[in-house]
Amino acid sequence: MTMHFGRVLRNTVLILLSLLWAVPSWLLLVNAFVPAKEYTGTPHWLPGSFGLFDNFSQAWNEADLGPAMGNSLLYAVVGSLVAVLIATGAAFAVVIMPVRRRVLWFWLIYSGTLLPLQVFLRPLFLSYARFDLYDTQIGMFLVYATISIPFAFFLMRNYATTVPREVVEAARMDGASWWRMFWQIHVPLSKSAMVAAFSFQFVAIWNDLLFGITFSTSDNIRPAIAALSELQGSYSAVGPPVVLAGALLVSLPTLVLFFSAQRFFVNNLKLTR
Amino acid sequence: MRTTTAPPSAGHRPPSPEPRPLRPDPARRRVAARERFAAGAFMTPAVLLVGVVLLAPFATTVYRSFFDDHRHSGFAGLHNYQLFLTDDALLRSVENTLLWVVGTVALPFALGMLIACLTDATRWSRFARLCVIIPYALSGAAVAVVWNFVLSTDGALNQLLSAVGLESLSTSWLLDWPGNTLVIICVNAWQATGVAVILILVGLQGIPPETLEAASLDGAGPWQRFRHVVLPQLRPVSIIVIGMSLANGLKSFDLLWVLTRGGPGRATETLAVSMYQETFLLQRPGAGSAIAVVLTVIVLGASWLYLRRQFDEKGA
Amino acid sequence: MNSSGTAARGGRPGPTRRRFLAGLGAGLSGLALAGCARGDSTAAVEGTASFSNDNASWDDGYALASKALQPLTGYALRPLSVPEAVAYKLVAQMTLQTSRAPDIIKWTSGYELKKLARSGQLTDLSGLWGAYADRGWISESQRDAMQYRGAVYGIPMHESYYVVFYSRPVFARLGLRVPETWDELLHCATVLKRNGATPFVGTQYGGWPAYEWFQELISKTDPDFYTALVEGKARYTDEPAVRAMGVWQDFMRKGWMTPPDYDQGKGAAELRDGRVGMFLHATWHTKNLSGADMEPLKDYDAFVLPTVGRSTKKSVITESSALAVPRRAASHEAGMANVGAWLHPDVQRAWTDYLQDGSANPVVRAGNPVVAGLRDNIAKDRRARLVRYSEASPPSLIQGNIQDLSAFMTGQMSPGATLRSMADRADEEWKTWRQDEA
Numbered sequence: 205m206t207m208h209f210g211r212v213l214r215n216t217v218l219i220l221l222s223l224l225w226a227v228p229s230w231l232l233l234v235n236a237f238v239p240a241k242e243y244t245g246t247p248h249w250l251p252g253s254f255g256l257f258d259n260f261s262q263a264w265n266e267a268d269l270g271p272a273m274g275n276s277l278l279y280a281v282v283g284s285l286v287a288v289l290i291a292t293g294a295a296f297a298v299v300i301m302p303v304r305r306r307v308l309w310f311w312l313i314y315s316g317t318l319l320p321l322q323v324f325l326r327p328l329f330l331s332y333a334r335f336d337l338y339d340t341q342i343g344m345f346l347v348y349a350t351i352s353i354p355f356a357f358f359l360m361r362n363y364a365t366t367v368p369r370e371v372v373e374a375a376r377m378d379g380a381s382w383w384r385m386f387w388q389i390h391v392p393l394s395k396s397a398m399v400a401a402f403s404f405q406f407v408a409i410w411n412d413l414l415f416g417i418t419f420s421t422s423d424n425i426r427p428a429i430a431a432l433s434e435l436q437g438s439y440s441a442v443g444p445p446v447v448l449a450g451a452l453l454v455s456l457p458t459l460v461l462f463f464s465a466q467r468f469f470v471n472n473l474k475l476t477r
Numbered sequence: 396m397r398t399t400t401a402p403p404s405a406g407h408r409p410p411s412p413e414p415r416p417l418r419p420d421p422a423r424r425r426v427a428a429r430e431r432f433a434a435g436a437f438m439t440p441a442v443l444l445v446g447v448v449l450l451a452p453f454a455t456t457v458y459r460s461f462f463d464d465h466r467h468s469g470f471a472g473l474h475n476y477q478l479f480l481t482d483d484a485l486l487r488s489v490e491n492t493l494l495w496v497v498g499t500v501a502l503p504f505a506l507g508m509l510i511a512c513l514t515d516a517t518r519w520s521r522f523a524r525l526c527v528i529i530p531y532a533l534s535g536a537a538v539a540v541v542w543n544f545v546l547s548t549d550g551a552l553n554q555l556l557s558a559v560g561l562e563s564l565s566t567s568w569l570l571d572w573p574g575n576t577l578v579i580i581c582v583n584a585w586q587a588t589g590v591a592v593i594l595i596l597v598g599l600q601g602i603p604p605e606t607l608e609a610a611s612l613d614g615a616g617p618w619q620r621f622r623h624v625v626l627p628q629l630r631p632v633s634i635i636v637i638g639m640s641l642a643n644g645l646k647s648f649d650l651l652w653v654l655t656r657g658g659p660g661r662a663t664e665t666l667a668v669s670m671y672q673e674t675f676l677l678q679r680p681g682a683g684s685a686i687a688v689v690l691t692v693i694v695l696g697a698s699w700l701y702l703r704r705q706f707d708e709k710g711a
Numbered sequence: 387m388n389s390s391g392t393a394a395r396g397g398r399p400g401p402t403r404r405r406f407l408a409g410l411g412a413g414l415s416g417l418a419l420a421g422c423a424r425g426d427s428t429a430a431v432e433g434t435a436s437f438s439n440d441n442a443s444w445d446d447g448y449a450l451a452s453k454a455l456q457p458l459t460g461y462a463l464r465p466l467s468v469p470e471a472v473a474y475k476l477v478a479q480m481t482l483q484t485s486r487a488p489d490i491i492k493w494t495s496g497y498e499l500k501k502l503a504r505s506g507q508l509t510d511l512s513g514l515w516g517a518y519a520d521r522g523w524i525s526e527s528q529r530d531a532m533q534y535r536g537a538v539y540g541i542p543m544h545e546s547y548y549v550v551f552y553s554r555p556v557f558a559r560l561g562l563r564v565p566e567t568w569d570e571l572l573h574c575a576t577v578l579k580r581n582g583a584t585p586f587v588g589t590q591y592g593g594w595p596a597y598e599w600f601q602e603l604i605s606k607t608d609p610d611f612y613t614a615l616v617e618g619k620a621r622y623t624d625e626p627a628v629r630a631m632g633v634w635q636d637f638m639r640k641g642w643m644t645p646p647d648y649d650q651g652k653g654a655a656e657l658r659d660g661r662v663g664m665f666l667h668a669t670w671h672t673k674n675l676s677g678a679d680m681e682p683l684k685d686y687d688a689f690v691l692p693t694v695g696r697s698t699k700k701s702v703i704t705e706s707s708a709l710a711v712p713r714r715a716a717s718h719e720a721g722m723a724n725v726g727a728w729l730h731p732d733v734q735r736a737w738t739d740y741l742q743d744g745s746a747n748p749v750v751r752a753g754n755p756v757v758a759g760l761r762d763n764i765a766k767d768r769r770a771r772l773v774r775y776s777e778a779s780p781p782s783l784i785q786g787n788i789q790d791l792s793a794f795m796t797g798q799m800s801p802g803a804t805l806r807s808m809a810d811r812a813d814e815e816w817k818t819w820r821q822d823e824a
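Residue numbers (our numbering), protein chains in the order written: chain F, 205 to 477; chain W, 396 to 711; chain V, 387 to 824.
For reference, chain F alone in the conformation it holds in the complex:
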C-alpha cells in the first residue's frame, strides 16, 4: 500500500517537473515553426503552418551559419579535448603524485574559473593584437582551452581522490613509470568523469558569445553563436521565429551530444551494477 502511494507520488512529482521543464522548450520548438510572415507578436502554443525549413534557411543565409558551425565544432572538440587531457594530467599530479604544496597548486589552477570572464576582455584583446593572435584560430583555441581547464581540473581532481589507491600503489611496486600509470590506469579509471568534463566544456565553448564576438571578425574564424547574434542585433530585420530557428539549428550539435551522453551515463550505470 505504502509502496503504491510512494510510486504515485513519485510519478506525479516527475510528471510535474518534466512538464515544467518541457513547456519553454516546447514554445521554442513551436515558434520556430511559425512562418516569419505569419508571426503576430504573440507566442504560438500549438504548431500551425510549417515554416521551419524556410526559417532555417533564412537564418542559415542571413547569419552565414554553415562555416560558422564548422568553426565552432573545431573549437569545441579540440578545445575541450585538450583542456580535459591537460586537466586530467594536472589532477593526476596534484592528487596521486608526490607533490609539495598541493593546496597552492589546486587553488592556482582552480581560481581561473572563479574570475568573472568580462575581466579578461580588455587585457587579453590588447595582448592578442600585440602577438598577432587576434582573429586567428590559434587564438580562439588558446582562450577556449584555457577557460575550460579550471573547471575540468576541479572535476577530475575530485574524481582522482576517489580512485582506489591500492591500484596505483600496486603499479608503483611493479615499477611502472608515471607516464604509463597515467595512461594505462588513471585515464581508463576516470573515463566517465572525463566524458562528463568533455561534455560540459564542449557546451561551454560551443555556447560562448563573449570571446567569439570579441576575438574574431572573419567568417573563417567566427564561431556560430557570434554569427547567430547578428540575427538579434537592434538593426536586425528578422523576426523571433527566424531567431528561434537559428538558435535551434545552432543548438542541434549540443543536443545530440547530450542525447548520446545520457545514453552513455545510463549504460555505465548498468555496467557497474
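Be a bit skeptical, because a hint or two may be false.
[Unchecked claim] Incomplete in silico selection of chain V near chain F, CB under 10 Å:
1) G460
2) A462
3) A473
4) A654
5) R661
6) A678
7) D679
8) E681
9) L683
Hints were generated in silico from the structure; no laboratory data involved.
Even glycine gets a Cβ: it sits at the ideal position worked out from N, Cα and C.
With chain F's structure known, arrange chains W and V on it following the hints.
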C-alpha cells in the same frame, strides 16, 4: 564507500604514497627529485595556460582599479572602492548577488538530486531526464527569446494565468524588484539543473548496489536509505555541484544580460553586470576594475571557505 | 564523444590509451593546422578599403554601395563586422591602437565620435566635408554631431528621423486621419484605445528605447529647451522637462502605452494586426515593416509627432552613424577615397534603396516613398533638425539617464525624482567632461 576507504591524499597534510625515507639517501633523493620533475611535467601545461591567459589579465585589472577614470588617468588609491559605500545601485547589486548565490546553490542542487534519484532506467524516466537536460544544451539566444515570450507583461505566462481564471496572479514578472531577480534565478535553475542531474547520475554510478541492498535488509525505508547510504556517498559529486553553483551564482551575467540588461533601472544588476556596465557602457574602467576585484575576492573567499571544509572533512 | 559509447573496463587499458593518444594526436594536428588559419578579412587587401562595423545584417547593402564606389574610387568596400554593439565599441577602440586598424570605421556620431577624435586617433575630414558642402551634397545641420573643436571627423552614413508609424488600413477603418495638432493626436489615441488597441509603443526593453519618448516629448514641448538641455545649458528640473514628464505619465496612466518590457521586434506585426496603433521609432525600422509583409503607403505610413503647443517651433529628431578614417589605417588612402565618395548620389541611391531610409545627401531622394514623403514634409515645414538624445551629450551621462528613465517607466521612480536624479548626474558628468577637455 570509496571515499571512506581511500587514505588521505591531498589537502593540508601533504603525504607521500611511499613511506618516508628514514635517513637521507642520495639515490633516494635523486628519485624524489625525478618524481617531482615528473609531477611538474604533468602540471605545467595547466598552470602555464591558466597563469598567462587568465591570472595575468586579472593582475592588470587589480592594478587598474587603483587608478581613476579621468582622461589622463592618475593614481587614486582606494577611491574606486569607495563606490561600495556611496552608490545605492551597487548596494542593490550586492544584495542581488547574494540572492543569486543562495538561489543557484540551493535550486539546481535540490532539483537535480530529486530528478536524478526519482528517475531510473525506464524509457519514460529517460524522457523526463531529457526534458531537464535539453535546456542546458540550448544557446543563450534561444533562452532569451523564449523566456521573453514567457515572462513579458503580454507574454505566455500571463496569457496562461488569465486563461485558467487566475488573472489576479498575473504581473510584470521582469519589472518589479525583488520578484524579477527571483524569477531570473528560477530561469537560471531551469537551465542549470541539467548539469547537476548529469553529475549526480555519474555519482550514483559509484554507489555499490550491495550497500543499498544491505540497508534494505536492515529494514531501512527509502528515505532512510537515501539519507544514510546514498547522500554520504554522493559527497564528492555534491562538492562539485555546489562548488560550481557557488562560482556561477556569484558570476552570473549572461542570462541577466539577455533578459533585462540589469534593468529596469539597475534593479536586477549583479556584481558581474555592474562591472560590465561601469567598464564598457559608462566607460569607467577604474570603477569597473574595483567591482571586479571585490567580486573576485567574494567568489574566492566563499569557494575557499566551502571547499576547505569539504576537503578537510573528507580527508581528501 | 563517439569513443565513449562503448565503455571499456579498467582491465583492458590498451585500446583506451591508444584511442586517447589518437585523440591527442588529432588535437595536436588540429592545432598545427590552425596555426596556418587566420582571419582573412583583417589583413590588408589590395584595391579594397576595410570597413569595420557593428551590423553584419547590412552586408548586402555594403556590397551594393561597394559596387557603386569602385568605379568612382577604384576601391571596393570590404566589411568586417562585430555583431554586438558593446563588443564592437570595445574591439574598434582597441584596434585603432594596433597595426590592424581598419581603413574606415562606423561610429556613433556625437560625443562618442568627439571622444575618439580627442584621443587623436582619427583623421581630420574637414576637407572632404568642404568638398561635399560645395556641391550641396551634405546638410550643415549634421555638422554639430560630426565635429570636435571645429574640425570634422565623421561623414554621416545615412539620415534617419524619429517618426510615428501607423497602419493605413487601421486608421481608415477607424476613421482617423494623420494628426496635425496635439489635440488630434489625443483624439487618435482615444479612438484607438476605445477599439481595443494600445495607442502607443513605448518601452525600455533593450535599454536605449527608454529615451525615445523623452526626447520626443521634450523637443515637441520646446525644441530650444531640448537643445539647451542636452548641451548642459539647461537643467533637467526646469519647467519644460517637468511638463513633458507630466504628459508622459498621463499617457501611461491612461493605458495608452505598451508595457515597458514590450519588445519592439514584434512592433511591426502588431501594428499590421492593429494591436498597437502608433509606433514611435526611427525610419531605419522600415525594413522590419517590409519584413512583416507591409508595403509603404499602402499598408503603413508615418508622421512626425505634432508639437504640444500650437505655436511651438516645429522640429524633428535625426540620427546618423558616422564614417570615420583611423589615422593609422593600413590603407589610409583607400579609406579616404571611399569616405570621400560615400555621399556621391550613385552610391547613396544604391545604399539608401537597400536601407529603405533617408540619405545624408539632401539631393538624393529616398527610395522608400514613406521616407521620401517625410523628407518633403520636413523641408516644407522647415523643421529644425535636432540631434538624437544619445549622441547629444557625453556617453556616461546618457547611459545613466537611460537607466533612470527606465526606472521611471516601470514605476520605480516618480517623475520628480527621475528628473532630479538626471539633473544631479548631468552636473557631475558635465563637470567631468569639461575637466577632461581642459
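Right, here's what the structure says about each hint:
The interface hint given for V:G460 is broken, as the beta carbon of that residue sits about 24 Å from the closest beta carbon of chain F, more than 10 Å. For V:A462, the interface hint is violated, the least distance from its beta-carbon to any beta-carbon of chain F being 16 Å, above 10 Å. Given the 10 Å rule on beta carbons, the hint for V:A473 holds: about 4 Å separates it from the nearest Cβ of chain F. Taken as an interface hint, V:A654 checks out: its beta carbon lies about 8 Å from the nearest beta carbon of chain F, inside 10 Å.
At a threshold of 10 Å, the smallest CB-CB gap from V:R661 to chain F is about 7 Å, leaving the interface hint in force. Taken as an interface hint, V:A678 checks out: its beta carbon lies about 7 Å from the nearest beta carbon of chain F, inside 10 Å. Evaluation of the V:D679 hint against chain F yields a held restraint, the C-beta minimum of about 5 Å falling below 10 Å. Interface restraint check for V:E681: the shortest CB-CB distance to chain F comes to about 13 Å, outside 10 Å, so the restraint is violated.
At its closest, the beta carbon of V:L683 sits 19 Å from a beta carbon of chain F; the interface hint therefore is violated under the 10 Å criterion.
In summary, the structure is inconsistent with hints 1, 2, 8, 9 from the numbered list given earlier, while agreeing with the others.
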